[in-house]
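Trainee: What follows is each chain in one-letter form.
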Amino acid sequence: MENHKVVVVPCSGIGKSLGTVGRVATYKVIERMKPKETRTVCLALLTMGDADALKLVRENPCIAVDGCPAQCSKKNIEASMGKLAHIIIVTDVLRKNRSLKPEGVIELNDQGDKLAEIIAKELSKKADEILHKET
Amino acid sequence: MTLATGKVGIICCSGEDLPEGTISRVATRLVLEKLRPDQTVTLCLPLFLAGGEDERAFARVFPTIAVDGCSKKCAEAGTKKFSGKPVATILVSEVMKKYPHLKAKSREKLKPQEMELATKVAEEIAKKVDEILCKTAKK
Ligand code: SF4
Ligand code: SF4
Numbered sequence: 001m002e003n004h005k006v007v008v009v010p011c012s013g014i015g016k017s018l019g020t021v022g023r024v025a026t027y028k029v030i031e032r033m034k035p036k037e038t039r040t041v042c043l044a045l046l047t048m049g050d051a052d053a054l055k056l057v058r059e060n061p062c063i064a065v066d067g068c069p070a071q072c073s074k075k076n077i078e079a080s081m082g083k084l085a086h087i088i089i090v091t092d093v094l095r096k097n098r099s100l101k102p103e104g105v106i107e108l109n110d111q112g113d114k115l116a117e118i119i120a121k122e123l124s125k126k127a128d129e130i131l132h133k134e135t
Numbered sequence: 136m137t138l139a140t141g142k143v144g145i146i147c148c149s150g151e152d153l154p155e156g157t158i159s160r161v162a163t164r165l166v167l168e169k170l171r172p173d174q175t176v177t178l179c180l181p182l183f184l185a186g187g188e189d190e191r192a193f194a195r196v197f198p199t200i201a202v203d204g205c206s207k208k209c210a211e212a213g214t215k216k217f218s219g220k221p222v223a224t225i226l227v228s229e230v231m232k233k234y235p236h237l238k239a240k241s242r243e244k245l246k247p248q249e250m251e252l253a254t255k256v257a258e259e260i261a262k263k264v265d266e267i268l269c270k271t272a273k274k
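Here the protein sequences line up with chains Y and L, keeping their order. Quick note on numbering: our numbering labels position 82 of the first sequence as 82, and the sequence is numbered without any gaps. Start counting at 1 in the second sequence, then tack on 135, and there's your number in our numbering.
Since the hints were made in silico from the structure, they are not lab data. This one's a predicted model, so the numbers in the text were calculated from it and none came from an experiment. Quick reminder that beta carbons are idealized off the backbone N, C-alpha and C, glycines included. Do not take every clue at face value.
To be verified - In silico BS3-like pairs for lysine-lysine, Cα to Cα no more than 25 Å straight-line:
id, chain 1, residue 1, chain 2, residue 2
1, Y, K75, L, K207
2, Y, K5, L, K262
3, L, K240, Y, K114
4, Y, K75, L, K238
5, L, K216, Y, K55
6, Y, K28, L, K238
7, L, K169, Y, K75
8, Y, K28, L, K216
9, Y, K114, L, K246
10, Y, K16, L, K169
11, L, K240, Y, K36
12, L, K246, Y, K16
13, Y, K5, L, K244
14, L, K215, L, K262
Stated by the list, open to error - What the simulated footprint calls covered on chain L by chain Y, stretch by stretch (three residues with Cβ under 8 Å from a Cβ of chain Y suffice, anywhere in the stretch; the number is not a length):
id, segment
15, 168-179
16, 191-201
17, 226-233
18, 238-252
19, 255-269
Bound conformation, chain Y alone (with noise of 0.2 Å):
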């Protein structure tokens, strides 16, 4: 497969601070950390069956970073048939790190940015994975 990237897809829930999490781990892997092996989509075009974001997803492996165990991303990605490559849920990496308080939706608290940078490094390995597996 030549071309291939990951595709991060956070689910960018509102409600709480887990979901922002998410949506910043996303944009330290796709801006900074993986920025030629990974990229996002609006989790929302791909809901309402956009084309080009449906190609994307079932072109490309997939990775859902989910804020609660409702796991948003993970289910729209397979109601589009996406390829689902791996799913995080923030609330088992938060289990993990229980010492870390993760607030503020707006904007992340410091001990929030900690725990995104934990679930960056780990979606960054876990692109590597995928994309070596692919080749």
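Since the structure of chain Y is provided, determine the placement of chain L with the ligands on it from the hints.
Mentor: Just chain L with the ligands now, kept in the frame of chain Y:
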């Protein structure tokens, strides 16, 4: 399903791929947290598909404003498809036309100029909230 009084729902697109999506999200939170905290409620947009009947009842319970980043209007279309027709839509790209000096470039952390733009969008949402509440109070 009856219409709730005194509260307006706000559903934003949170578009991940465009800076305007981040503006839609921050503007929505500004309304919920600062401008009209007692008059507004929200719901994660992707829950319309992933959630159950309770979530899908949202726009039938609350008169709802969709806040979209661009002309694709995903929040408006998603709300209409899964829940109910929004009573109004605020488009970030339209608000931007009124303030050509304010550009949206960041998808992650907003710079002061982008925060100013988000505040302008939030003020338009708040104005719409007041209009809707005023109309429903008269009924
Ligand atoms: S997974 Fe949880 S936080 Fe994310 S959009 Fe769904 S309900 Fe909201
Ligand atoms: S309205 Fe535009 S910015 Fe918002 S989710 Fe849709 S395509 Fe993305």
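Trainee: Output the indices of the hints that this structure fails to meet, ascending.
Mentor: The structure conflicts with hints 2, 4, 7, 8, 16, 17, 19, although it agrees with all the remaining ones.
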